[in-house]
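Asks: The chain contents come next:
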Amino acid sequence: MTNLVMPARNNEGFLENPNDWTPDAAKIIAQDDGISLTENHWEIIYFLRSFYKEHEISPPSNRLFVKSVKEALGEDRGNSIYLMQLFPGTPAKTACRIAGLPRPTNCL
Amino acid sequence: MSTLMVIDQPPYGTWAGREALDMAFSLAAFDQSVTLLFTGSGVNWLRMSQQPGGVEQKSLEKNLSAAPVFGVEAIYADAAACARYGLTVENMIAGVAIASSSELLPKYTHTAFAG
Amino acid sequence: MAPINTLHILNKAPEHPRSLACMSVLQSGDALLLTENAVLALAVNSIDPGVPVFALAPDLAARGLESGIQGASLVDYAGMVDLTTHAQKLINW
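Protein chains in written order, with UniProt numbering: chain A, 1 to 108; chain B, 1 to 115; chain C, 1 to 93.
Watch out, some of these pointers could steer you wrong.
Claimed, not checked - Not the full set, but computed from the structure, chain C residues with beta-carbon under 8 Å of chain B:
no., residue
1, LEU20
2, MET23
3, ARG63
4, LEU65
5, LYS89
6, ASN92
7, TRP93
Stated by the list, open to error - Computed list of chain B residues with no C-beta within reach of chain C, every gap over 10 Å:
no., residue
8, PRO10
9, THR14
10, GLY53
11, GLU56
12, GLU61
13, ARG84
14, TYR85
15, VAL89
16, LEU105
No wet-lab data here; the hints were simulated from the structure.
A quick note: this is a predicted structure, and the numbers were derived from the prediction, not measured.
For glycine and all other residues, C-beta sits at the position ideal for the given N, C-alpha and C.
Using the sequences and the accompanying hints, generate a full structural model.
Replies: If you want it as C-alpha cells, here you go:
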C-alpha cells in the first residue's frame, strides 16, 4: 500500500479515469468517507465495475442505482436501506466514487 | 399517463439525444411508463458495433443497453427509417421492435421529441 | 374552451423537417400551438393547417411580429398552460 500511486481524482473525489481503478485505490477512497470495506461492500463495488463495463454509464440516481442492484443481485441487496447502510450519504455517489465510476449525473 | 420519447436526430453529432435518454431514465426511475422511439436519422443510434473512442464519447449503444435495466418499457425503431439507413435485425442492437411511427404516435398521452 | 384531442406544440422554424412532419399529421379535433422559432410560420403567410392555431405572444413580440398577425389566436404563458389542460394528449415537436 505504501508504494501505491493514487490515480488522479477530481474535486469531488471521483477518479478522472475509471480505468485507473484498483482495489487499493478503492480502500483509500473509502477511508475518506470513513468506510472500511467488507465483503458486502466489495460485492456492490464489483457489480458497479461490471455495470460500467457493460453500459459505460454510472446509474444516474439513487433510485436507478437501487433498481440496477435489485435487477442483478435481488431484493435483499437491491433496496435503499441496505445500500444506504453500506454507502452512507448519497449511496449512488458514495458507491460510484469508491468503485471508480464517474459521478452519477442526476445526484446533487 | 404514458410517455413516448422520440429521437429523430443522429447519434454523436449533438447532445440532444443523450438528454432525451437521460429524461427517459429519470421517468423510469420514478416508475413512470416510458417508451423510446427512434425515427429519421435517429435510427442510427441502433447500429451494432459503435466505436466512439476516437471522438472521445461514451458508446450510445452501450448506454442504451441500460434502458431495460432502468425500466424503460420498450424501444421501437421506425420501419421506413431503418430501410432507408440499411438497418435490419442482423445489424441492429438487440431488444428493438420495428414499428411505424405514425401508428405509434397517437397511442401515448404525452409525446416529446428530443432537441 | 372546447376540448382538444391532441395539442401539437411546435417550436421549429417552418423549414425544419419536424415542422413539416407536424403539419402532415394534424387531424380534425387537434390544435396547433406555435412557440419559439415556429411563430415565424406566421411571417411567411397566413397559414391554414385546418385546425385552430395559437401562437405564444412573447415569442412573436421578441421577433417583432406581434402586430397584424392573421390566422392565429395569441396566448400568453397562462393561456398556454390553459391550452395544455384542455388537451387529452400532447405532442412536443
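Asks: Each hint: holds or not?
Replies: Right, here's what the structure says about each hint:
The interface hint given for LEU20(C) is violated, since its Cβ lies 12 Å from the closest Cβ of chain B, which is over the 8 Å cut-off. At its closest, the beta carbon of MET23(C) sits 14 Å from a beta carbon of chain B; the interface hint therefore is violated under the 8 Å criterion. Annotation: interface hint on ARG63(C) violated; nearest CB of chain B at approximately 21 Å, more than 8 Å. A cut of 8 Å between beta carbons decides the hint on LEU65(C): the least distance to chain B is about 24 Å, and the hint is violated.
Taken as an interface hint, LYS89(C) checks out: its beta carbon lies about 5 Å from the nearest beta carbon of chain B, inside 8 Å. About 4 Å separates the beta-carbon of ASN92(C) from the nearest beta-carbon of chain B, less than 8 Å, and the hint is met. Given hint, TRP93(C) at the interface with chain B, holds; its Cβ is 5 Å from that chain's nearest Cβ, closer than 8 Å. Consistency note on PRO10(B): stated as away from chain C, and its beta-carbon is indeed over 10 Å from all of that chain's, at 13 Å minimum.
THR14(B), annotated as away from the interface, keeps every beta carbon of chain C farther than 10 Å; the closest lies near 14 Å. Separation of GLY53(B) from chain C is adequate, the least Cβ-Cβ distance of about 31 Å exceeding the 10 Å criterion. The Cβ of GLU56(B) sits about 29 Å from the closest Cβ of chain C, beyond the 10 Å cut-off, so the non-interface label holds. Look at GLU61(B): its CB is around 25 Å from the nearest CB on chain C, clear of 10 Å, so calling it non-interface holds up.
Every C-beta of chain C lies more than 10 Å from that of ARG84(B), the closest at about 13 Å, which supports listing it as non-interface. Listed as a non-interface residue, TYR85(B) keeps its Cβ farther than 10 Å from every Cβ of chain C; the least gap is roughly 15 Å. Distance check on VAL89(B): its Cβ is at least 26 Å (rounded) from any Cβ of chain C, clearing the 10 Å threshold; non-interface status holds. Interface exclusion of LEU105(B) from chain C breaks down, the closest Cβ pair being 7 Å apart, not more than 10 Å.
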